[in-house]
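Asks: Sequential numbering from 1 applies to the sequence shown in the working numbering.
Take the hints with a grain of salt, since some may be wrong.
Now the in silico label distances, taken between C-beta atoms and shown as ranges [said to hold, decoys possible]:
1) Tyr213 x Asp663: 39 to 45 Å
2) Pro281 x Thr50: 34 to 40 Å
3) Asp701 x Ala514: 33 to 39 Å
4) Thr656 x Gln591: 18 to 24 Å
5) Asp183 x Thr215: 39 to 45 Å
6) Ser139 x Met201: 26 to 32 Å
7) Ser433 x Glu531: 29 to 35 Å
8) Glu101 x Ala152: 24 to 30 Å
9) Gly181 x Pro281: 28 to 34 Å
10) Arg322 x Asp266: 35 to 41 Å
11) Lys31 x Lys381: 53 to 59 Å
Capping the alpha-carbon separation at 20 Å, the derived lysine-lysine pairs in PhoX-like fashion look like this [what the hints assert, rightly or not]:
12) Lys54 x Lys11
13) Lys284 x Lys173
14) Lys251 x Lys179
15) Lys378 x Lys92
None of these hints come from the bench; they were simulated from the model. Just so you know, even glycine gets a beta-carbon here, dropped at the ideal spot from N, CA and C.
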Amino acid sequence: MNAQEIFGGAKWLTPGDTTKVVYIRGEFSLKAEVASAELTVCGLGFYEFTINGKPIDDDLYGTLSTDFNAYDSQHCKVQFGEETSHRIYVKKVDVSGLLSENNCIGVTLAPGWYHNVPIADYGPMTLCYRLDVTYTDGSCTEFVSDDSLRFAYGNIVDYQFYYGERQDWVNIKLDGWQKFGYDMSDWKPLTEIDAPESEYMYTDCPPDRIIRYITPVLMRETDDAFIYDMGENITGTPIIVSRTPGVNEIKLSVSERLNPDGTIEDYTNHGQNSTFITDSPDRKLSLRFMWYGFRYASVSKNAKIVSCAVIHTDVEVSSSFRSDNKLLDWIYTTYVRTQLDNMHCGIPSDCPHLEKRGYTGDGQLVGECAMLMLDAQKFYKKWLGDISDCQDKVSGHVQYTAPYIHSGGGPGGWGCAIAEVPYAYYKLYGDKSVLEEFLPKTLRYFDYLEAHSENDLVTSDQKGLWCLGDWCTPEDMIIPDPFVNNYFYIKTINRLIEFCNILGKPEFIPNLEALAERKKAAVIREYYNDETGDFAENVQGANAFAVDLGLGDERTFKHIVEHYRRETWYDTGIFGTDIVTRVLFERGEEQLAFDLLTSKGKYSFHHWMSTGCTTFPEYWTYKRSQNHPMFGGVVKYLFYNLLGIKQVGAGFDKLTISPAMVDGLGYADGHITTRHGEVRVKYVKQDGFTSFEVTIPDGVDADFAVGEYKQPLCAGINRIVV
Numbered sequence: 001m002n003a004q005e006i007f008g009g010a011k012w013l014t015p016g017d018t019t020k021v022v023y024i025r026g027e028f029s030l031k032a033e034v035a036s037a038e039l040t041v042c043g044l045g046f047y048e049f050t051i052n053g054k055p056i057d058d059d060l061y062g063t064l065s066t067d068f069n070a071y072d073s074q075h076c077k078v079q080f081g082e083e084t085s086h087r088i089y090v091k092k093v094d095v096s097g098l099l100s101e102n103n104c105i106g107v108t109l110a111p112g113w114y115h116n117v118p119i120a121d122y123g124p125m126t127l128c129y130r131l132d133v134t135y136t137d138g139s140c141t142e143f144v145s146d147d148s149l150r151f152a153y154g155n156i157v158d159y160q161f162y163y164g165e166r167q168d169w170v171n172i173k174l175d176g177w178q179k180f181g182y183d184m185s186d187w188k189p190l191t192e193i194d195a196p197e198s199e200y201m202y203t204d205c206p207p208d209r210i211i212r213y214i215t216p217v218l219m220r221e222t223d224d225a226f227i228y229d230m231g232e233n234i235t236g237t238p239i240i241v242s243r244t245p246g247v248n249e250i251k252l253s254v255s256e257r258l259n260p261d262g263t264i265e266d267y268t269n270h271g272q273n274s275t276f277i278t279d280s281p282d283r284k285l286s287l288r289f290m291w292y293g294f295r296y297a298s299v300s301k302n303a304k305i306v307s308c309a310v311i312h313t314d315v316e317v318s319s320s321f322r323s324d325n326k327l328l329d330w331i332y333t334t335y336v337r338t339q340l341d342n343m344h345c346g347i348p349s350d351c352p353h354l355e356k357r358g359y360t361g362d363g364q365l366v367g368e369c370a371m372l373m374l375d376a377q378k379f380y381k382k383w384l385g386d387i388s389d390c391q392d393k394v395s396g397h398v399q400y401t402a403p404y405i406h407s408g409g410g411p412g413g414w415g416c417a418i419a420e421v422p423y424a425y426y427k428l429y430g431d432k433s434v435l436e437e438f439l440p441k442t443l444r445y446f447d448y449l450e451a452h453s454e455n456d457l458v459t460s461d462q463k464g465l466w467c468l469g470d471w472c473t474p475e476d477m478i479i480p481d482p483f484v485n486n487y488f489y490i491k492t493i494n495r496l497i498e499f500c501n502i503l504g505k506p507e508f509i510p511n512l513e514a515l516a517e518r519k520k521a522a523v524i525r526e527y528y529n530d531e532t533g534d535f536a537e538n539v540q541g542a543n544a545f546a547v548d549l550g551l552g553d554e555r556t557f558k559h560i561v562e563h564y565r566r567e568t569w570y571d572t573g574i575f576g577t578d579i580v581t582r583v584l585f586e587r588g589e590e591q592l593a594f595d596l597l598t599s600k601g602k603y604s605f606h607h608w609m610s611t612g613c614t615t616f617p618e619y620w621t622y623k624r625s626q627n628h629p630m631f632g633g634v635v636k637y638l639f640y641n642l643l644g645i646k647q648v649g650a651g652f653d654k655l656t657i658s659p660a661m662v663d664g665l666g667y668a669d670g671h672i673t674t675r676h677g678e679v680r681v682k683y684v685k686q687d688g689f690t691s692f693e694v695t696i697p698d699g700v701d702a703d704f705a706v707g708e709y710k711q712p713l714c715a716g717i718n719r720i721v722v
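Throw the hints in and build the complete structure from the sequences for me.
Replies: Here is the structure:
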């Protein structure tokens with residue numbers, strides 16, 4: 001749809017090219033009793049919409065982040081002549097219960113993602129709305145954004161989306177501005193602009209909300225500040241009150257870690273600092289149009305932190321896992337917290353503070369985990385739209401982030417999200433339509449990969465941009481980038497063959513099979529050592545990449561096993577960690593896979609746990625962000641392998657329950673929630689026997705298999721002793 005189809009004669013109004021937060025208000029009166037009223041609204045960037053001082057809902061930020069519309073950039077979109085697609089989501093809300101005879105509309109509008117100078121400036125922030133009212137006598141009327149609206153600069157006098165707000169509640173007095181009859185004679189008119197050129201659509205993606213509150217613990221007092229601990233790494237905002245009478249300027253800083261002396265660490269502060277000017281100890285102060293990523297908070301001694309609001313997209317955790325292994329329980333809980341911290345405004349981000357971007361590499365690594373463990377179907381359906389939009393119509397190139405903001409990555413592990421995320425969505429929800437949509441898009445991406453290949457190896461990306469293979473290895477990256485990129489190319493070709501078989505499109509398969517064979521031959525020619533059976537000298541999981549494609553011989557897999565029995569920890573980056581773990585589980589080395597997951601080596605999940613991490617760091621070595629979900633790709637194997645919930649096909653219509661019986665795990669209990677209902681597996685080892693309790697929902701065909709023992713399962717609770 002276009003803007004006019006949704007908003008009719010409503011005007012798109014802007015306060016101009018400002019990075020300050022503004023208040024917008026208008027008034028209208030009703031002529032009769034209201035039967036129903038529906039508000040359609042779009043605010044670019046973030047907004048809060050009130051009627052008579054009451055918010056229309058409890059959503060935060062208002063606008064989902066997308067590739068809203070074309071904008072001038074000195075990176076891909078101009079430099080390389082790329083052309084992406086655009087969409088803007090519109091909200092529709094029933095506001096019948098908020099109306100009275102005389103009404104005031106109040107909108108607080110912040111730059112947010114949209115006017116995010118200098119990161120991505122899509123244009124000046126703007127507002128458009130349409131209020132459709134039906135009276136009890138059956139007549140209808142509408143109130144729209146028009147020239148009667150006025151704006152003023154609000155109490156947030158400085159706003160930087162990545163860093164902080166400066167709020168002034170003393171020198172700016174606008175009390176009562178959301179009430180009917182307020183004098184706005186000194187408020188300024190807005191400027192009408194054309195609606196941004198984009199595809200407009202309604203949204204059912206879950207919004208950001210305050211999910212819960214934490215009571216922070218006061219840790220220590222310094223000469224000029226109080227230091228608080230939230231107890232976990234979160235996204236949200238501290239809630240602050242003044243401690244002293246009169247006018248106070250309160251300074252807030254946050255961080256993910258502390259210095260040895262217990263003060264806020266600059267390195268993980270990530271520039272997150274805010275200031276509040278207040279004259280009332282009764283006023284609760286907090287961030288309004290941003291979230292921080294942090295565990296610790298420092299507030300000047302004229303104030304105190306009374307609470308902390310945890311904020312992220314409102315999706316439910318639809319899974320559970322617990323066992324007699326403390327580390328496995330930590331891995332599950334920590335992944336879920338990390339993933340939730342990185343779900344904001346419809347984007348699965350890389351980190352919630354430094355970049356806040358929907359990296360296609362991170363996203364394809366953990367997308368299946370998130371869909372498996374969270375009620376995230378609508379969230380990921382929205383993100384699939386972002387991935388589609390970020391593909392260049394000229395070359396087929398898929399950007400490193402969706403929505404696209406200038407970033408770094410590579411053509412394989414990032415761009416191949418164009419197939420991998422739709423496949424995960426299909427696998428979890430059984431929806432073939434996404435395969436139908438993304439099949440031609442992926443074929444188009446293959447044209448791009450071919451254009452950036454030499455001798456059938458992917459060797460480059462856009463000139464001047466990164467061309468990564470794997471990423472975040474614990475020591476210097478040695479595994480060759482073209483080897484990794486060709487792995488993803490071949491994997492995605494094989495994925496498309498699956499697409500074709502599922503969709504009944506055999507006409508594409510012969511060419512795809514021939515293409516895969518050519519690419520495999522190039523990998524063998526360039527990286528295979530016939531004398532040893534290794535690929536790329538088996539560095540940083542290289543043999544696992546090859547084995548996963550069906551390459552090599554019996555020595556190739558044997559050397560994977562020997563290497564990790566000897567090393568006993570991960571030497572891999574974000575992709576290799578997932579691939580090594582899966583290859584071991586799938587090829588009969590469940591014990592070694594379990595031992596790697598629970599390793600106490602220097603590069604291990606245990607090391608993170610033992611140092612007090614409550615979210616996954618970006619690097620095994622704790623560099624940069626302490627809140628990155630990308631190493632969490634392995635968490636799905638707690639369910640697929642240790643609990644043994646394996647589906648045949650897609651959508652969980654058919655299951656085999658086949659837990660891996662490994663030493664070191666005597667009890668495990670977990671569930672996932674499928675479209676059919678809850679699947680739960682629980683087992684206890686005792687006195688040489690293992691007792692299983694398996695719950696299967698109605699309508700699911702399921703079997704049980706452990707060792708030589710097999711039996712069909714029925715709907716409900718099944719109890720088995722082996």
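Asks: Hints first: check each against the structure and report whether it holds.
Replies: Structure-based check of each hint:
no.	hint	in the structure
1	Tyr213 x Asp663: 39 to 45 Å	42 Å, holds
2	Pro281 x Thr50: 34 to 40 Å	25 Å, violated
3	Asp701 x Ala514: 33 to 39 Å	36 Å, holds
4	Thr656 x Gln591: 18 to 24 Å	20 Å, holds
5	Asp183 x Thr215: 39 to 45 Å	41 Å, holds
6	Ser139 x Met201: 26 to 32 Å	29 Å, holds
7	Ser433 x Glu531: 29 to 35 Å	49 Å, violated
8	Glu101 x Ala152: 24 to 30 Å	25 Å, holds
9	Gly181 x Pro281: 28 to 34 Å	30 Å, holds
10	Arg322 x Asp266: 35 to 41 Å	37 Å, holds
11	Lys31 x Lys381: 53 to 59 Å	41 Å, violated
12	Lys54 x Lys11	23 Å, violated
13	Lys284 x Lys173	17 Å, holds
14	Lys251 x Lys179	31 Å, violated
15	Lys378 x Lys92	16 Å, holds
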